[in-house]
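K.L.:
Protein chains in written order, with this note's numbering: chain A, 1 to 363; chain B, 1001 to 1363.
Quick caveat, the hints were computed from the structure, so don't treat them as lab data.
Take these hints with a grain of salt, some might be off.
Footprint (simulated), chain A over chain B, 3 or more residues, beta carbon under 8 Å [as the list claims (entries may be wrong)]:
1. 1039-1046
2. 1097-1109
3. 1163-1177
4. 1206-1214
20 Å max Cα-Cα, derived EDC-like pairs, lysine to aspartate or glutamate [said to hold, decoys possible]:
5. B/Lys1196 x A/Glu120
6. B/Lys1123 x A/Glu197
7. A/Lys53 x A/Asp213
Under 10 Å between C-beta atoms, here's a sample of chain A residues computed to sit facing chain B [said to hold, decoys possible]:
8. Arg169
9. Asn176
10. Gln212
11. His215
Just so it is clear, CB atoms sit at the ideal spot from N, CA and C, and this is done for glycine as well.
Chain by chain, the residues run as shown.
There are 2 protein chains.
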Amino acid sequence: MQKQIDPWGSDEIKIDEKLLKEFGLKEIPENYLNTDHYLLKRKILLAHRDLDKIAQRIKNKQPFIQLTGIASSGPLHLGHKLDIDIFLMFRELGAISRFVISDIDAFVSRPDDKVPSMKEAKKYAADIVAHLLAFGVKKEEIYVQSQQKPSYFQLAFEASKKITENAFRATYGHVNPGKLSANILQYADILHLQLKENFGPMPSITCIGVEQDPHARICRDISRRLPYGFVQPSFAFFVHQTGLQKDMKMSASIKDSAIFLNDNPSDIKRKINRAFSGGRETIEEHKKLGGIPEVDKAYEILQLHHPDTKLVQETYTRYKSGEMSTGELKKICIEFLTETLSKHQVKVESFREIANEIAYGKK
Amino acid sequence: MQKQIDPWGSDEIKIDEKLLKEFGLKEIPENYLNTDHYLLKRKILLAHRDLDKIAQRIKNKQPFIQLTGIASSGPLHLGHKLDIDIFLMFRELGAISRFVISDIDAFVSRPDDKVPSMKEAKKYAADIVAHLLAFGVKKEEIYVQSQQKPSYFQLAFEASKKITENAFRATYGHVNPGKLSANILQYADILHLQLKENFGPMPSITCIGVEQDPHARICRDISRRLPYGFVQPSFAFFVHQTGLQKDMKMSASIKDSAIFLNDNPSDIKRKINRAFSGGRETIEEHKKLGGIPEVDKAYEILQLHHPDTKLVQETYTRYKSGEMSTGELKKICIEFLTETLSKHQVKVESFREIANEIAYGKK
């Protein structure tokens, strides 16, 4: 009989556990949020800071706020889809949800060769909004920073008075004016929904990567120093999708490192076929030793994105045992992505007009 | 015959000339702006940086922009009236004029014991707006930062990307986040009127105190780095009214240092009678040596605020010669202020409602 294998208990998760300890975060226990959603089951969303308030609200069917965002510094790739999947999960769990497209943030915090102007940031923003709508985010749930109300901007500036130069430098290592601007906008994003004129003070959840925890801590600190009775925001942390090559981040700036949501079938096929695999040197060796799904990029995509948990688990087991070849695994991945993204892209086009209205304001 | 005396050629102006040289500013020549307004004649507005463009526009009756502002960190005093008088002068000269009440700036750049909250800053803002309206500033010429359009805030943030941490520190000696916020809002105030959606690129004039020239230079630098074709803004510099006591600034935080625009007749009388005077120890000595109008606070008020240049010149001559006693001079000043401010205060009350609408937004 085969050794019991836990596909979610990989070495990578152990690295994250070390990280969690370092940052003082807690793991999200099973069934903590009253759901067995695959994002939790597969430990894609795996850690938190002060999530008890949200868990209680979900249990008691009381309202809470969710704020998630993407900076519009390039086209969306699969890594961004994780943010959106998590957003939709918390919405299902009852969150009053808002999704911010951070266009000002994208421009002020990125170098000019990446985002040369607000015009460029807004073009990306309009594209991202269309994708969000295609994924099922509602139009009233989306806002773009540069189209916000004055009270939002006022809050960003108020936040800037509540952080000292030394505290900022201690956290970020610099006091770069553009990046400082990006930060105070992020604080406003997370906190402004608790303003009386919006939904009033209540628990809120924002999901981010672990490396963004310093932002989270400063934001929680600032929330207490502002005179609006804010409940300290809660945060949950998700794993990052890695790049398609070995030891590489999935990044919009390195073209073949990522599957973009706009990629066509031949792009997908080429990129997955060239992606780093956990297969062995020869077919014989592969059958004998089994593949290594933990480092296989095609497998990672299925693990992070395929909604059918049974299929993902079987794939893991069959690949690990050597029964499934690298070619077969890549084929499953290519078919899954091609079908999912083709359907998605058709929807995206149908939302272009309304997306432009959200990004540029109604004419 | 008496020695020719030039009341505007005082020692204080010489100090300013030294300052001008240090800052690289130019003196405003006589008749430069096609007007013999007392603010220019008396060298109250006395220096400039790049004002030629404005002088040309005035001469050719072409449009130009004026932006002036007051931070709402306390009640208005006579020193602030200078800003308003200068504003009205440039409006008469043909400027498309806007007056900003900097409420966010006031909150983020002042310590909490001075401006503890935006609520407080807005209360001051509403009061200041009522005063502006009473002085004849039109309601459509006034805006409050916290009520501005998104494009204004976007511009402030864009400006933050165009200044480096080192340049900011070199100019201000710090990178205090709240003060940085105040600065980028000031850049947006001065520049946003040149946005296409407002009046489009054209020469603009902003009048400030000489010590604010570092802001002016950074703002001019930033204007060229933004992608909106801005004309570099011009600046003119005015003298500051000094405090009522010796060697003291006129400041909202030191109560008896200033005549506030809300002061009642008994306040005015008390403060002027206690103010530092240029009179001699005894009446005999005063008659023999003459008074020193250059250091006399009652005289300074007439010089800076009394619209009748002939009266001011005669007062100077008679006081200087010893013919006019300190008591007489103070009486002229008290009567002038009492009449001016009483009338003004009645008007202010009639503008309270509309001022609140401007400061808090229409309900």
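K.L.:
Now, for every hint given, state plainly whether the structure supports it.
P.N.:
Hint check:
no. : hint                 : verdict
1   : 1039-1046            : violated (count 0)
2   : 1097-1109            : holds (count 3)
3   : 1163-1177            : holds (count 8)
4   : 1206-1214            : violated (count 0)
5   : B/Lys1196 x A/Glu120 : holds (18 Å)
6   : B/Lys1123 x A/Glu197 : holds (19 Å)
7   : A/Lys53 x A/Asp213   : holds (18 Å)
8   : Arg169               : holds (8 Å)
9   : Asn176               : holds (5 Å)
10  : Gln212               : violated (19 Å)
11  : His215               : violated (14 Å)
Checked against the numbered hints given earlier, this structure breaks hints 1, 4, 10 and 11; the rest are met.
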